[in-house]
Amino acid sequence: MKTFHIGGVHPKENKLSKGKKIELAPLPEVVTIPMAQHIGKPANPVVAVGDTVKVGTKIGESSGFVSANIFSSVSGTVEKIDNFPNVAGFKQQMIVIKSDGTDTWEDTIDRTDTVVNNMDFTADEIKAKIIEAGIVGMGGATFPLGVKLSPPPGVVIDSLLINGAECEPYLTADHALMLEKSEEICIGVELLKKVLNVPTAKIGIEVNKPDAIQKMTEVAAKFNGIKVVPLKVKYPQGSEKHLIQALTGREVPSGQLPGSIGCVVSNVATTFAVYEAVEKNKPLFERVVTVTGTALPNPSNLLVRMGTSTANVLAAVGGMPENTAKIISGGPMMGKAIQNLEVPIMKGSSGVLCMTEAEAHRKKESNCIRCGRCVDGCPMGLEPYLLYALSKKNMIAELNEHNIRDCFECGSCSFSCPAHKPLLDYIRLGKANVMQMIKKEEAAKAQQQEKK
Amino acid sequence: MTIVHSILLLCIIGIIAGLALYFVAKKFKTDENPLYGEVESMLPGANCGGCGFPGCKKFAQQLVDSPSLEGLNCTAGGADTMNKIGVFLGKSVESAEIRVAVIKCKGSCDKRPKTINFEGISSCAFAASQISGDTACSFGCIGLGDCERACQFGGIKINPETKLPEFDTKICTACGQCATACPRHIIELRKTNKKDMKIYVGCSNKDKGAVARKACTAACIGCGKCAKVCANEAITVTDFLAYIDPEKCKLCRKCVEECPTGAIIETNFPPRKKKEEEPTN
Amino acid sequence: MLTVSPSPHYQSDTNTRKLMCNVLIALLPACIFSIVVFGISALISMLTAVISCVFFEFAINKWLFKNEDYSIKDCSAIITGVLLSFNLPNTLPIWMVIIGSLVAIGIAKMSFGGLGCNIFNPALVGRVFLLVSFPADMTTWTKVQDYSVDGTTGATPLGLIKESIKSGKMLTDIDLPTVQDMVFGNIGGSLGEISVMALVIGGIYLLCTRTITWHIPVSVLGSMFILAGIMHAVHPEINASPLLHICSGGAMLGAIFMATDYSTSPMTSLGKIIFGIGIGVLTIIIRRFGAYPEGMSFAILIMNAIVPLINKIKPHRYGAKK
Numbered sequence: 001m002k003t004f005h006i007g008g009v010h011p012k013e014n015k016l017s018k019g020k021k022i023e024l025a026p027l028p029e030v031v032t033i034p035m036a037q038h039i040g041k042p043a044n045p046v047v048a049v050g051d052t053v054k055v056g057t058k059i060g061e062s063s064g065f066v067s068a069n070i071f072s073s074v075s076g077t078v079e080k081i082d083n084f085p086n087v088a089g090f091k092q093q094m095i096v097i098k099s100d101g102t103d104t105w106e107d108t109i110d111r112t113d114t115v116v117n118n119m120d121f122t123a124d125e126i127k128a129k130i131i132e133a134g135i136v137g138m139g140g141a142t143f144p145l146g147v148k149l150s151p152p153p154g155v156v157i158d159s160l161l162i163n164g165a166e167c168e169p170y171l172t173a174d175h176a177l178m179l180e181k182s183e184e185i186c187i188g189v190e191l192l193k194k195v196l197n198v199p200t201a202k203i204g205i206e207v208n209k210p211d212a213i214q215k216m217t218e219v220a221a222k223f224n225g226i227k228v229v230p231l232k233v234k235y236p237q238g239s240e241k242h243l244i245q246a247l248t249g250r251e252v253p254s255g256q257l258p259g260s261i262g263c264v265v266s267n268v269a270t271t272f273a274v275y276e277a278v279e280k281n282k283p284l285f286e287r288v289v290t291v292t293g294t295a296l297p298n299p300s301n302l303l304v305r306m307g308t309s310t311a312n313v314l315a316a317v318g319g320m321p322e323n324t325a326k327i328i329s330g331g332p333m334m335g336k337a338i339q340n341l342e343v344p345i346m347k348g349s350s351g352v353l354c355m356t357e358a359e360a361h362r363k364k365e366s367n368c369i370r371c372g373r374c375v376d377g378c379p380m381g382l383e384p385y386l387l388y389a390l391s392k393k394n395m396i397a398e399l400n401e402h403n404i405r406d407c408f409e410c411g412s413c414s415f416s417c418p419a420h421k422p423l424l425d426y427i428r429l430g431k432a433n434v435m436q437m438i439k440k441e442e443a444a445k446a447q448q449q450e451k452k
Numbered sequence: 001m002t003i004v005h006s007i008l009l010l011c012i013i014g015i016i017a018g019l020a021l022y023f024v025a026k027k028f029k030t031d032e033n034p035l036y037g038e039v040e041s042m043l044p045g046a047n048c049g050g051c052g053f054p055g056c057k058k059f060a061q062q063l064v065d066s067p068s069l070e071g072l073n074c075t076a077g078g079a080d081t082m083n084k085i086g087v088f089l090g091k092s093v094e095s096a097e098i099r100v101a102v103i104k105c106k107g108s109c110d111k112r113p114k115t116i117n118f119e120g121i122s123s124c125a126f127a128a129s130q131i132s133g134d135t136a137c138s139f140g141c142i143g144l145g146d147c148e149r150a151c152q153f154g155g156i157k158i159n160p161e162t163k164l165p166e167f168d169t170k171i172c173t174a175c176g177q178c179a180t181a182c183p184r185h186i187i188e189l190r191k192t193n194k195k196d197m198k199i200y201v202g203c204s205n206k207d208k209g210a211v212a213r214k215a216c217t218a219a220c221i222g223c224g225k226c227a228k229v230c231a232n233e234a235i236t237v238t239d240f241l242a243y244i245d246p247e248k249c250k251l252c253r254k255c256v257e258e259c260p261t262g263a264i265i266e267t268n269f270p271p272r273k274k275k276e277e278e279p280t281n
Numbered sequence: 001m002l003t004v005s006p007s008p009h010y011q012s013d014t015n016t017r018k019l020m021c022n023v024l025i026a027l028l029p030a031c032i033f034s035i036v037v038f039g040i041s042a043l044i045s046m047l048t049a050v051i052s053c054v055f056f057e058f059a060i061n062k063w064l065f066k067n068e069d070y071s072i073k074d075c076s077a078i079i080t081g082v083l084l085s086f087n088l089p090n091t092l093p094i095w096m097v098i099i100g101s102l103v104a105i106g107i108a109k110m111s112f113g114g115l116g117c118n119i120f121n122p123a124l125v126g127r128v129f130l131l132v133s134f135p136a137d138m139t140t141w142t143k144v145q146d147y148s149v150d151g152t153t154g155a156t157p158l159g160l161i162k163e164s165i166k167s168g169k170m171l172t173d174i175d176l177p178t179v180q181d182m183v184f185g186n187i188g189g190s191l192g193e194i195s196v197m198a199l200v201i202g203g204i205y206l207l208c209t210r211t212i213t214w215h216i217p218v219s220v221l222g223s224m225f226i227l228a229g230i231m232h233a234v235h236p237e238i239n240a241s242p243l244l245h246i247c248s249g250g251a252m253l254g255a256i257f258m259a260t261d262y263s264t265s266p267m268t269s270l271g272k273i274i275f276g277i278g279i280g281v282l283t284i285i286i287r288r289f290g291a292y293p294e295g296m297s298f299a300i301l302i303m304n305a306i307v308p309l310i311n312k313i314k315p316h317r318y319g320a321k322k
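Chain order of the listed sequences is A, B and C. The opening position of the first sequence corresponds to residue 1 in the working numbering, with each subsequent residue numbered one higher. The opening position of the second sequence corresponds to residue 1 in the working numbering, with each subsequent residue numbered one higher. The opening position of the third sequence corresponds to residue 1 in the working numbering, with each subsequent residue numbered one higher.
Warning: the hint list may mix true and false statements.
[To be verified] Some but not every residue of chain C turned toward chain A, in silico, with C-beta under 7 Å:
1. Thr3
2. Gln145
3. His316
[Stated by the list, open to error] Residues from chain B that keep clear of chain C, each with C-beta distances beyond 12 Å, as calculated:
4. Ile3
5. Ile15
6. Phe88
7. Lys114
8. Phe118
9. Glu119
10. Ala127
11. Asp134
No lab work stands behind these hints, which were simulated from the structure alone. Note that CB positions come from ideal geometry on N, CA and C, so glycine has one too.
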C-alpha cells in the first residue's frame, strides 16, 4: 500500500457522518460573502448596495493573478458592503445579501441532474471557464486553481493527482462526494487532464473508505487513464507534498511548489467544481460541508451555499449542542477555531466541528521527557522539540538553519506530544520571526545595492 | 625520595608555564585606549541599545572618540551618568529631554469584556498573529506580557487584575525595547517633565466610535471634543482616534475633563480644585 | 463564550504518566520473579528504593525548589526506584539502598532540573555510586540453586569468567551456568537481572504498547552478540559465547529498560541505533578488557554523555536538497 515515507501520526478517525448522503441545507435568509475566500489578493466588489442579484451572479471580480472571482449564492438584494470580522476576528470586506426566497438562478446555469460529458472544449476554453468560475483548492488551502493550471514557462507538468485522501479526522465531505458524484468527478479529471495535456491521472484514496475506492475504481474504468490508488491511513496523507510522494515517489524540493517537479494536485471537491463549472456553467457558490461533533445528534454532510453563517448550518442539523465550547471550521488537525457563530461558510470550509467542553480545552502541559515522538511524527523530517526550544529563546537565525520554514503546520508534533507541549504554537511564532528577519535582510540588501 | 622528585618536577613545569604565559601576554598585547574601559564601567552595562549603539562597549568608544557629546545619550543611565561621563571626559553635556514609556490602552478587564476564551502560549506576538484579540477591540493591549519580558530593567509588570502593563517611570529609561516588542505598537516613548506629569490618550482603537465604544467603555470614539477644547492645537483626530502632540501640549488638562469616555490619561497632577481652571507648570 | 485556540485541536490520549505506568507494568514480571527467587529481602529492597526515591523527589521539589506542582505524580521516580533496586544484590543493607536513591534522584535527576532534563540515567548513577563506594557489598551475590537462595555466596557468570581469565584458566575448565538456567533465572545476580525471560516479556509489552521503539534494544543486543560472537569464534578458550553475554550481567535489563530511558537516549531513529551500537560495543570491551566483570552500566552512562552529540544528527528531511 502506498504512503509517504517520513513521519506521520494516527489520530482517532471519528468519522461520525460516514455513509451519510449529501443533504441540501435550507436556503439561508441572509448570506455574508467575504471577498477574501482564497490565498492571494481579495476580490473587488462589482455590485453596489441595493443591486438585485441572482444565484450565480458575479459579485466580486478577481483582482490579480493569484485571486478569484466571487459569486452570489442567493437571489435577492445587496444589503451592505462593509468590513466584518473573519474567522480570526480580523476585519475584512464582505458583501451581505438578503435572499428574496425565490432562489432564482442565472439563466446560463444548467440546473438539471443529467451528467454531461462534453469534451469538445479546447484546453484554453476549459481553463478560462475554471478561472471565471472562481475555483480554488477546496481542501482547505484555497489556492486558486487557475494558477496551478498555468505553470510558468519551462515547467512541464506530467502528473495529475487527485486528492481523495481526506486524512483529517471527522471530515467525510469528500468521501460522500466520491460516492455520489463519482462520474462527475471523473469527467472533471478528464477536463483537467485536457488542460494540462497529461495522458493519465491518479486518484489517491485512503483505505478507510473502501466503498469510495470501489465506486471510483468502477467508474474510472469507463475512462481512459484514470487510476485509483489506495493509500495507507496515516495523517497527513492528504497534504499536497505527501500525496505527491505517496503517488509518484517524488519529493517537492524545500521551498518550491509542486509544479517544479511536474505535479498538479487537485482535491476531489475541486475536481467536482471543475466539472460543474465547465459542463454546467455553474460557478462556485456552494460546497459540501461536513457538520459533525460528538455531541451532535445527527452529524451530516450538507450542501451549503457560501456565506451561510455557521449558526444557520448548525440549525440545519438540529442546532448547536448546549455543551459546545469550541467550533472549528475544517478538521480538528488543521482547522481554525471560530470566534462567533456569524462566521460564514467559505470556499475552503470543509467542515464545521463542534467540540464539547470536555474536548475543547488543551491538556495541561508538563516537562518535555525527550521521548522523540515529535521527531518521529513530523512528516517534514524536522525536529519540533528543538524548534520549540529555539523559538522560546528567540534564536531566530538558528531556527532558519533548522529549516523551520519547511513546517506546514500539520500539527503532528503537538498531537503526538505526551507532555502536551504547545510545540506548534512556538514553531508558528518562530516561523513568523524568521520570515520577518528574512524580509529585513532582503530590504537591507536592496538598500545596499541601491547605494552602489 | 619520590615526593621530592614530584615537587621539583611540578615546580619546574610551573615556572616554564609561567614564563610562557608572560611572553605570550607580552607579544600579543593590544593597545586599547584605557578610557574605553573606564567609560564603559561608568555605563549601566545593560546593553539595552537605547543609545542606538550595539551595546555599552561600542557606545563607550563612541563617547571617547567623538569630539562632543552632542546627540549621544545613555537613556538607561540618565542625566546623572551622562554628566559623570561628561565631567570625566571633559566634554559638555546637553541635558536631554526625559522620556518614559506609556501604553495607549485603558482597556482593563472590567472595561473591555472578553468575547472569546483564547488558549495558547503566553506571547502577545503569537496571539496577535492568530486572532484579532480576545475582546472585540483589535487594537488594544493583549496583556500576555511581551513588554514585561522585553524590559531589561524590570520596570514593567502586568497587573493581574487589569491585565494591562504598569510602567515604573522611575525605572524606565526609554530604551524602547518594550515598544519594539509590542505587536500592537501601542507603547509610546513620551516626553515628560521632572515631576513626570504627562497627558496622553489611553486608547489606540481606530474603529468607528460606536464600534469602539461597544468593545470598550474607555475607548476613544473620535468625537473630537478634546481637539475643540484644546487651546494649543495639540490634539489631532485621525481614524476616529485622538492624538496629543507632546511638543505642543501645555498640560492644561482641559481635554481630560472634556473626554466623554475618560480615555485621556493624566499622571502625577495635583488633585483638581473644583470648578476652577488650574494653570500648571 | 467560545474557546479559541490555534490548531491542532486534537491531542493524543497518551501522556507522560501513562508511558511511565507502561514501563512499570513491563517491570512487573521481573519484579515478581525476583521476589519468588530471593524472597522477602527482594521485596524490602525494592520498596525501600521506591519509597526513598519518591520521597526524595517530593522533598526536593517541595523544600528546595519550592515547586507547587510535585512531579512525583508522573510516576517516573517509582521507575527510578524499581530500576535501582533491580541493579542491587539482595543482601545490600537498607541504608545503602537509601543512599543510592538519594544519589539517583538528588544528584542525577533533580540537580539537572528534574524529569526530562537529566543527562545520565538516574538509576544507573545511583548504582555506579554504590558500586564504587561499597565494592564489596555490591558484588556479594547469594547463590541461587533451583530457583531459591541457599544462604551461601557465589559469583555471577561474568564474575566467574573474569576470575578465570585473571588466574589464567581456560573457560572450558570452569563451571558456567547453562543458557537455559540464565534464561529462566536459575542463577545468582542482582534483583532484576536474573531472569532474561521475565525481562523479555516486559520488553515485548513495551514494544506492543509503542512505549519504546525497537531501535535501542535490538542495536544494543545485536552489536553485543556480533562482537562477542566474533571474539568467541577467534578465541573460544578465553572469550565467552555471545549467548552468555547477552543473557547475563544485566544486558537485557540495560538494553530494554535502562538504555531506552527517554531523557537520556537520542531523539532520532538513526541516533538511537548509533547509541545502541555504542553501548553494545563498549559493554563487550569493558567486560573483556576492563576491571569490572560487567560493563552495561558504564557503557550506558558513557553513551548518555554522548547523546547531545548524537542529537546533532538530523533526521532525513522531506524535500532536502541532495
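Here is what the structure says about each hint:
1. Thr3: holds (4 Å)
2. Gln145: violated (41 Å)
3. His316: holds (5 Å)
4. Ile3: holds (27 Å)
5. Ile15: Given that every Cβ of chain C is farther than 12 Å from that of Ile15 of chain B, nearest at about 36 Å, it holds.
6. Phe88: Check passes; 44 Å lies beyond 12 Å.
7. Lys114: Check fails; 7 Å does not lie beyond 12 Å.
8. Phe118: violated (5 Å)
9. Glu119: Since the minimum Cβ distance to chain C is about 4 Å, Glu119 of chain B lies within 12 Å and the statement is violated.
10. Ala127: violated (9 Å)
11. Asp134: violated (8 Å)
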